[in-house]
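Student: Please take these sequences and the hints and turn them into a complete structure.
Heads up: the protein sequence lines correspond to chains Z and G, in order. Sequential numbering of the first sequence, starting at 1, is according to the working numbering. Sequential numbering of the second sequence, starting at 1, is according to the working numbering.
Derived from the structure by calculation, the hints contain no laboratory data. Glycine included, C-beta positions come from ideal geometry on N, C-alpha and C. Among the hints, a few may not be true.
What the hints assert, rightly or not - Where chain Z lies over chain G, by a calculated footprint (3+ residues, C-beta under 8 Å):
(1) 7-20
(2) 154-164
To be verified - Among the chain Z residues that face chain G by a calculated CB cut under 7 Å, a handful are:
(3) 49
(4) 98
(5) 116
(6) 126
(7) 128
Chain by chain, the residues run as shown.
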Amino acid sequence: MLNQNLYVKEAGYDLLSLWRTPAFFLPAILFPVTFYIFFGIVFNFSSGSGQYMLVSYACFGMIGPAMFNYATAVASDRAHGWLTLKRIAPMPLSAYVAAKYFSSLVFALCIALILFVTGGIFAGVELYAWQWFALLLVLLIGTLPFALIGLLLGLCLSDKGAPAVVNLVYLPMAFLSGLWVPIQFLPETAQYIAYGLPAYHYAQLAHAVIGTSQGHSIWLHVAALVGFTILLTVLVHWRYQRLSH
Amino acid sequence: MKKILLLLAAVVAVLAIVLNLPTPKTADVANDNSFVIGPVNIFDGEKWREEKFVVVHEGWITKLSMQRPDLDLPYRETQGQVLMPGLIDAHVHVWGEALQQSLNFGVTTVIDMFGDPNFLQQHKAARAETRQAKHADIFGAGYLVTAPNGHGTQYGIPVPTLSEPSAAPEAVAKRLDSGSDFIKIVYTHAGAAYQHAPSISYTELEATIKAAHQAQHLAVVHVADHASAMDAVKAGADGLVHGFFDRPANDELVQLMRSNGTFIIPTMALYEGMLRGELNDDLLTAENPELPASAKASLNKSFGNTRFPAHFYNNLLLTTERLYQAGVPILAGSDAPNPTTAHGWSLLVELDMLQRAGLPLESVLHAATAAPAKAFALPHQGRIADGMKADLLLLDASATTNLRALFHPQAVWKNGFEL
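Tutor: Right under this line is the structure:
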């Protein structure tokens with residue numbers, strides 16, 4: 001009973017603290033939207049149709065905030081001693097992690113909806129209602145591995161280094177997974193690298209909703225993402241144990 | 001309590017947004033792609049018919065008749081306009097919104113001569129269906145066959161290249177596996193007048209064509225000069241996908257193509273843009289169509305500082321005329337969206353060029369309908385006949401003598417649904 005309340009409270013306050021830093025969340029929401037408008041709509045030189053570009057840039061737009069939210073917040077909290085404070089408080093640490101995931105989901109939901117509306121109005125994207133909902137679900141649930149990457153980075157990096165390293169991981173991974181230039185236009189070696197990137201599997205699942213995936217079984221992608229999630233959970237746990245000693 | 005209300009409000013907001021996002025408009029299938037149309041002047045892809053009425057049932061043409069059939073179907077009453085099959089652009093390169101743009105100009109089927117195999121695979125199923133569609137059907141070559149560093153490798157697309165004749169059967173098999181409808185090969189005669197990028201050898205060309213034929217598929221060849229065209233025809237090509245202008249086709253080539261049944265897609269619209277660059281402006285001024293931004297962009301691109309002798313343009317027209325007179329099948333293809341061309345629009349420009357080369361109106365219409373359908377064995381496209389898809393154009397009655405009527409179709413049907 002008490003536990004449940006704690007989770008809810010922590011989640012609520014995390015969201016509130018996010019809401020109170022518009023300097024963070026406003027650019028963080030506007031960045032993927034601007035990127036999509038520029039490279040998905042106005043300067044769309046590549047082979048993507050309106051639908052295809054929306055899905056690609058939606059994936060791109062969801063991964064970033066998931067990683068950043070965790071990485072920068074956790075690194076910063078560590079640096080300022082918040083994390084230590086929370087650990088000695090009665091609140092279980094999992095509440096902290098879960099709360100951050102909840103607020104990153106709310107974030108992601110806002111971004112996804114803004115992207116959908118932008119795509120619908122300015123790029124003429126038309127999908128059946130079930131496709132819109134399925135896409136939303138896939139996009140949201142799939143942020144989990146990336147949130148964990150962010151968490152791991154946040155636990156390992158200083159608060160100064162975190163944003164730079166996150167970008168170093170985020171942007172090449174997104175590019176090599178075919179989120180900017182569609183994967184079929186990248187050289188063949190890139191295709192092989194992509195299989196090892198969670199962003200690729202995430203994007204393929206999203207594309208499967210509108211029928212523009214590369215044709216591999218969706219279970220392959222689900223398994224890959226589940227595998228990454230488990231691996232990352234282990235790594236996070238291990239790193240956290242090391243931090244505690 | 002407040003939290004629960006907040007949560008509820010959030011859920012309602014999300015639902016409200018998502019449920020109001022745009023969805024594709026679906027028509028009432030049962031009635032909308034079944035109808036009777038007439039009286040019309042029917043060009044069936046080969047010739048003008050005596051029948052005046054066409055019956056379409058769920059997107060398929062089922063009957064042509066002299067009198068209005070007594071059927072319980074919606075009746076589209078016309079006043080003797082021309083009804084012809086939707087146009088086929090026999091040489092394009094498709095990506096992005098190309099299929100939609102093509103359809104807006106009345107091009108209901110395109111034949112892609114080098115494109116993404118995945119894109120082709122995704123659109124294959126639609127070819128045999130009559131679901132409502134806002135885009136043209138596509139048949140395609142997937143990746144072309146070319147030499148290392150040859151033409152086609154300069155676009156950053158990972159095209160596998162051919163380095164020896166014995167590798168030809170495997171190259172063909174790989175393409176057919178990835179969904180190619182036919183094999184497209186790039187070839188330049190060694191020591192040709194116009195030095196293109198590195199090319200496969202004549203032996204490799206022969207081997208690839210042979211492998212394609214053994215696998216029961218067509219082999220078509222990109223050439224850019226007379227000598228290469230001659231080689232390609234001798235090597236057994238089923239068709240040449242470009243014309244050439246370094247010299248007019250000589251008798252030997254013309255006769256060889258005629259006896260081999262080799263077809264040609266002269267792509268004169270493209271060459272006009274390269275050699276003179278006037279026709280687009282003339283037609284745009286005369287016909288004043290509505291062009292989307294992407295069409296304007298590709299039309300405005302140029303080939304850069306190329307200076308060709310003036311008589312090359314005449315060679316181009318002369319070759320097409322000679323081949324036509326000899327009975328070689330002429331197919332209309334635009335090579336869109338290369339510089340100075342645009343999807344859909346440039347096929348109409350190509351038809352204008354075919355007329356300038358001396359083809360009579362019916363042969364021009366044939367070149368964009370039944371001729372490519374026959375050359376590429378398209379099962380349901382290019383003709384108005386029982387069993388064909390209802391991809392149709394309704395044109396002003398003057399279309400019996402005036403090709404320009406094609407620039408202003410009164411109605412376009414794709415899969416029996418009116419656009």
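Student: Each hint should be assessed against the structure and marked as holding or not.
Tutor: Results for each hint:
{"no.": "1", "hint": "7-20", "result": "holds (count 4)"}
{"no.": "2", "hint": "154-164", "result": "holds (count 3)"}
{"no.": "3", "hint": "49", "result": "holds, 6 Å"}
{"no.": "4", "hint": "98", "result": "violated, 16 Å"}
{"no.": "5", "hint": "116", "result": "holds, 6 Å"}
{"no.": "6", "hint": "126", "result": "holds, 4 Å"}
{"no.": "7", "hint": "128", "result": "holds, 6 Å"}
Checked against the numbered hints given earlier, the structure breaks only hint 4 and satisfies all the rest.
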